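Since the structure of chain A is already known, use the hints to place chain B on it.
Protein chains: 2
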Amino acid sequence: MSTYWSELTASLEPYVPGEQPKDRTYIKLNTNENPYPPSPKALEAIREAAGADLRLYPDPTCDALCRTIAAYYGVTKEHVFVGNGSDEILAFAFPAFFSARQPILFPDITYSFYPVYARLYGIPYITVPTDEQFRIDPQTYAIPNGGVIVPNPNAPTARFLIVNGIKEILETNKDRVVIVDEAYIDFGGESVVPLIAEYPNLLVVQTLSKSRSLAGLRVGMALGHPELIEGLNRIKNSFNSYTLDRLALAGAIAAIEDREYFAETNRKVVATRERTTAALRELGFEVIDSLANFVFVTHPVKAAEELFAALKERGILVRYFNKPRIDRYLRVSIGTDEEMDALLGALREIAG
Amino acid sequence: MSTYWSELTASLEPYVPGEQPKDRTYIKLNTNENPYPPSPKALEAIREAAGADLRLYPDPTCDALCRTIAAYYGVTKEHVFVGNGSDEILAFAFPAFFSARQPILFPDITYSFYPVYARLYGIPYITVPTDEQFRIDPQTYAIPNGGVIVPNPNAPTARFLIVNGIKEILETNKDRVVIVDEAYIDFGGESVVPLIAEYPNLLVVQTLSKSRSLAGLRVGMALGHPELIEGLNRIKNSFNSYTLDRLALAGAIAAIEDREYFAETNRKVVATRERTTAALRELGFEVIDSLANFVFVTHPVKAAEELFAALKERGILVRYFNKPRIDRYLRVSIGTDEEMDALLGALREIAG
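First to last, the sequence lines map onto chains A and B.
Numbers 296 to 647, taken from my numbering, label the letters of the first sequence in order.
Numbers 296 to 647, taken from my numbering, label the letters of the second sequence in order.
Next up, chain A with everything else stripped away, as it sits in the complex (with noise of 0.2 Å):
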C-alpha cells in the first residue's frame, strides 16, 4: 500500500498466472502450453524480420496480419481485430463493450482473468451456476445484463457449449455484446466464428498462444462485426497504438498461413488427450470429456492438493485451484505422449 497508489490501485485483486518456476527444469503441465514448437515456417519468419528495419515502428493496424485472419476464416479484414495476446483483447473489450450500468454474466467456474478485468474497470458481475457436472445451460443467461463473456471450451473444466446453446445465448442478449473466448477451440471444438454475419453482437476472440504453439510470442486475435471492431480499435488507440511488434507480426502471419503443421500438431495432441483419458480413467480418475488441449480431473480418495504437491516434488507441474467447488480438480495440460507417460506413471505410484 503506498500514499501515492490511486484508490483503484489499492483495490485491486491482480491475475495470478500459472507458476513459471526456475528452480529446476520440471515437466510443464500447467499453463496449457503447446508441447510441440511453433511451425517451423513462423519461426523462419521471425528471423527474417530481425534486422534494421526493427529501426521502424510496426504497422499500427496491423494490416498484414489482419487480412491474413480474415482469408483463413473467410471474411473481411473490418472483421479482425489482432492484439498482444487473447488477454490483451479482452482487456480492451471489458471497457469497449460494458460498463458500471449493468452487471454482466460469466459463468462461476471459468477463466479467473474475467473479474480481475470487471473490478478493473469498475464494471458489476454476475457469475451465473454451471450445474453440477460443470455444464453451462444457455438458458440461464436469459436474465437482465450489461454483456456476457463465455469461454468454449471452458476453462479449466474442459467442458464445450455446442453451437445451438451458444445461438441460444446470442438469441436471448441481441442488444448486448456476447463475448465467446475461444483459446481452446482448435482442439476439437466447433468454431461459432461462422455466426459473425448473422449476429452483430458476437465477438469471438482467439489466441495463437495454445494451438499455434506461440506462447511467447503474444498475439491474439478476435472476430466480429465491422463495428464491434471499430470499437475495440478506439479503446485499443486510446490506450497504445503499437501493440504488436514486428517480429509477432511476422511470425503471426507465417503461423496462421501454415494450416498442414496446425492440423498435424493439433492432431497430435488431441490423439495423446483421448489415450490420457483413457488412461487416467483407468487409474481411477474422473475425467471431464474434454476439447481442450487439457483435462480437469479428480480422484475419488486422494485429495487434488496432496496430489499437486506429489507430483510437483516429483518434477511434474499441474495446476491446483484452492478455490470452491473446484478444489477437487486438477487441471493438466496435454504434453507429449512422453511426458504424459511420465504422469501416468507418477500417479499410479502416489495414488495407485
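Everything labelled a hint here was simulated from the structure, so no lab data went into it.
Worth double-checking, as some hints may not be accurate.
Where chains are identical, the list cannot tell them apart; a pair therefore holds if satisfied intra-copy or between any two copies.
[What the hints assert, rightly or not] Capping the alpha-carbon separation at 16 Å, the derived lysine to aspartate or glutamate pairs in EDC-like fashion look like this:
#, residue 1, residue 2
1, Lys469, Glu608
2, Lys462, Glu493
3, Lys597, Glu302
4, Lys462, Glu343
5, Lys336, Asp553
6, Lys462, Glu485
7, Lys317, Asp358
8, Lys618, Asp403
9, Lys336, Asp348
10, Lys317, Asp354
11, Lys469, Asp636
12, Lys372, Asp432
13, Lys317, Asp348
14, Lys618, Glu600
15, Lys597, Glu555
16, Lys317, Glu493
17, Lys597, Glu339
18, Lys618, Glu463
19, Lys336, Glu308
20, Lys372, Glu525
21, Lys462, Glu339
22, Lys563, Asp354
In this text the structure is predicted, and so the values were computed from the model without any measurement.
Positioned in the frame of chain A, the structure of chain B alone reads:
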C-alpha cells in the same frame, strides 16, 4: 457509432500516430525513428530466441530485463518496470497514480497522447502554458493538482528543462506522483533517474524506440520508488500478465548491454542534428535548440503546412500538427547525414 459501444467508447478521441504510408518509399523523418539499425547483438539475440521455446509463455515478471536495466542505472530491480513500449507504461501509470478526484497537469504543448489517456480513464486535466518560446516554467506547476506529467526533452518542441527545474516541480508536488517522460533523453539531455533515490514521488519513463533503434520491438521502461513500481504492476497484472514477448525480452537485454553501439549511434545522431540545425538556420529557419532526435522548426515566410506538402511531394515525410500555437512549425526527425542533405536540398528549392 454503434449501439453496442459503451458510453466511454463513443466518447473517445483516439490518438493518431504519424503516418506510415505504403504508396511509395519516403525519406521518413516523421515519427522520430532512429536512422541507424538496432545493435547487431540485439538482432542476434532475437534470432537465437526464435526457437522451440516460443511455445512457452514468457516470464511475466520480466525479471532478467528488469535486472539488466537496474544494473545499467545502478539501482535494484525493484525500482524497474518494463512494458510494451513506453506508451503502454503511461497507459498503466495514469490509472495507477491519477484519478477523477483532482486534475493532473501537463504542458499545453506536449505529447498529444496525454489528453487521450486522461479521457480514457476519466481523469480531468489542466494544460499549463509554456512561454512564447515553448519553455516550461517549473513555478507554474505549483498549483493544486492530482499529479504531473512532463516530457523532457518535451515533444514536439525539443525543449529541455534542466535537472534543477524538474527538482523544483518535484519539491512543490511531494504528495503526488510526477512522471518525467524521458523518451528522448539519450540525445544529450541529463536524466533524472538518479533523483528516484531522493524523491519517492518521481517516476521516470524511457523507451528503447528512439536511442536504441528498436521502435519495431515495443519495449519501454520506468524507474521509480518500489512502491510506484508495485502500483504499476498491480494495474498491469489486472490487464495482461504477459505484455512482453520472449523476442522483445531477449532483444532488449542485448540492446541495453551493448553500450558501445548505443554511444556510437547516439553520437552520430547528435552530430547530424547540430549540423542540420546550423544549415536550417542558414536557410532562414528558426530552429529551437534541441536535445532530442528531432528539431522543431518554423520559417518566417513559408507556411508550415505548405512546406509539409511540398516536402511530401518530393518524397520526404516530416510531421505537421494542425493545432493552435504550433501550426507554424514542422517537427523533423534526425535521419542520416545523407537524408538530411536531401531534406536541406529540397527546402532550398522550396523556401530558398
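Hint-by-hint comparison with the structure:
{"no.": "1", "hint": "Lys469 to Glu608", "in the structure": "neither (50 Å within a copy, 49 Å between copies)"}
{"no.": "2", "hint": "Lys462 to Glu493", "in the structure": "within (10 Å within a copy, 59 Å between copies)"}
{"no.": "3", "hint": "Lys597 to Glu302", "in the structure": "neither (43 Å within a copy, 51 Å between copies)"}
{"no.": "4", "hint": "Lys462 to Glu343", "in the structure": "neither (43 Å within a copy, 45 Å between copies)"}
{"no.": "5", "hint": "Lys336 to Asp553", "in the structure": "within (7 Å within a copy, 30 Å between copies)"}
{"no.": "6", "hint": "Lys462 to Glu485", "in the structure": "within (13 Å within a copy, 60 Å between copies)"}
{"no.": "7", "hint": "Lys317 to Asp358", "in the structure": "between (38 Å within a copy, 11 Å between copies)"}
{"no.": "8", "hint": "Lys618 to Asp403", "in the structure": "within (11 Å within a copy, 50 Å between copies)"}
{"no.": "9", "hint": "Lys336 to Asp348", "in the structure": "between (20 Å within a copy, 15 Å between copies)"}
{"no.": "10", "hint": "Lys317 to Asp354", "in the structure": "between (35 Å within a copy, 10 Å between copies)"}
{"no.": "11", "hint": "Lys469 to Asp636", "in the structure": "neither (47 Å within a copy, 60 Å between copies)"}
{"no.": "12", "hint": "Lys372 to Asp432", "in the structure": "neither (33 Å within a copy, 48 Å between copies)"}
{"no.": "13", "hint": "Lys317 to Asp348", "in the structure": "between (34 Å within a copy, 14 Å between copies)"}
{"no.": "14", "hint": "Lys618 to Glu600", "in the structure": "within (11 Å within a copy, 61 Å between copies)"}
{"no.": "15", "hint": "Lys597 to Glu555", "in the structure": "neither (41 Å within a copy, 59 Å between copies)"}
{"no.": "16", "hint": "Lys317 to Glu493", "in the structure": "neither (48 Å within a copy, 34 Å between copies)"}
{"no.": "17", "hint": "Lys597 to Glu339", "in the structure": "neither (46 Å within a copy, 49 Å between copies)"}
{"no.": "18", "hint": "Lys618 to Glu463", "in the structure": "neither (29 Å within a copy, 50 Å between copies)"}
{"no.": "19", "hint": "Lys336 to Glu308", "in the structure": "neither (40 Å within a copy, 39 Å between copies)"}
{"no.": "20", "hint": "Lys372 to Glu525", "in the structure": "within (11 Å within a copy, 38 Å between copies)"}
{"no.": "21", "hint": "Lys462 to Glu339", "in the structure": "neither (40 Å within a copy, 49 Å between copies)"}
{"no.": "22", "hint": "Lys563 to Asp354", "in the structure": "neither (35 Å within a copy, 27 Å between copies)"}
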